[in-house]
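Participant: Sequence:
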Amino acid sequence: MSVFRVAVVVLLLCATTFAAVSKQPQGGEKSRVVDENLSKSPHEVDGVHNPAYDREALFGEESKQLDSASPEDRLTQLGILADKMDEDRDGYVAPEELRVWLKKVHQHLANTDARKTWAEYELSPTDTLSWEHYSRHMVGEDGEYEGEDEETRTSHLTRDKRRWDVADTNQDGILSIEESVAFFNPESDPKMHDVMVKETIEDMDKNHDGFVDLEEYIADFWRPSGNEQEPEWVKSEREEFQKRRDFNQDGKLDEAEVKAWILPSDYDYNEAEVQHLLSECDVDKDGRLSKSEILSKHELLVGSSATNYGEALTDHDEL
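Residue 122 in UniProt numbering is what sits at position 122 of the sequence shown, and the numbering runs on without skipping anything.
Possibly wrong hints are sitting among the right ones.
[Stated by the list, open to error] List time: in silico SDA-like cross-link candidates among lysine to any residue, alpha-carbon distance up to 20 Å:
| no. | residue 1 | residue 2 |
| --- | --- | --- |
| 1 | 252 | 196 |
| 2 | 84 | 103 |
| 3 | 285 | 275 |
| 4 | 206 | 262 |
| 5 | 252 | 199 |
| 6 | 206 | 257 |
| 7 | 198 | 152 |
| 8 | 285 | 266 |
| 9 | 198 | 177 |
| 10 | 161 | 196 |
| 11 | 161 | 177 |
[What the hints assert, rightly or not] Restraint-style ranges between C-beta atoms, simulated for each label pair:
| no. | residue 1 | residue 2 | range |
| --- | --- | --- | --- |
| 12 | 140 | 172 | 21 to 27 Å |
| 13 | 187 | 158 | 28 to 34 Å |
| 14 | 283 | 132 | 55 to 61 Å |
| 15 | 124 | 275 | 36 to 42 Å |
| 16 | 140 | 174 | 49 to 55 Å |
| 17 | 243 | 161 | 36 to 42 Å |
| 18 | 132 | 91 | 51 to 57 Å |
Derived from the structure by calculation, the hints contain no laboratory data. Here a beta-carbon is modelled for each residue, glycine too, at the ideal position from N, C-alpha and C.
Can you make the complete structure from the sequences, with help from the hints?
Facilitator: Structural data, given as structure tokens:
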């Protein structure tokens, strides 16, 4: 995915100064808060920024090794990428240009995922996917629901059909490859968010009353083994539920409260990444990135873990 590789270059350069982190959330709890998928790697773990997030946000998931490229070639490709990000050709990558670039990379990632999925269904990009084709694939050999009993398969497909109907923008009963992006990656499209909320409640609502009470909330994060004492982070989650999640203080979360929890409107992942990149790469602190600042970071890019993401530097035409 050129757009990513191209872009992440800049981030990569700066990002390798951060320690790598694991995908396990702090304290071991499971997070249901939806990330906007600027990257498939977690944004941070244990409170530490994850450099892999930056690399994928700019390069994309297909970035690979740069071993075959000479230092001169790497610099050349970095320069090309910097020029692509600099839309007004003034010699600098301004914050707004970074925002536009990250959105472009994000969309390219979603589109690339859709093309891969289409290939799994043996479809060309101009083909459409019918519900019958999808459901046969899911319950058939090697399908995701193959080993499930009939009741569970039916339940899964019922949920999928609800999501399908919302993603099917023109309501013709089939999905184009563009519509499939919302179906397979619902977090990427606001019209899918209410469906995601319903799915979250169904996953957690064990007494089937249509709400998520405190014990259901905690059980989704933590299940004690034996006489295990409740860890501090679980106590903190109880407090979080009571003070910040349960707005009306009725002891349970309704759809609006679950939506505010898993899809917070007060945090912009794209903007956070822009500010992070500027803080790490903007050496002269003038609020923008010069081409020389980008190129001056090339050694960070090709060193250590950054060498795993070099293919972006040689495949930038798509962007």
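Participant: Could you check the structure against the hints above and give me the numbers of any it violates, in ascending order?
Facilitator: 8, 9, 13 and 16
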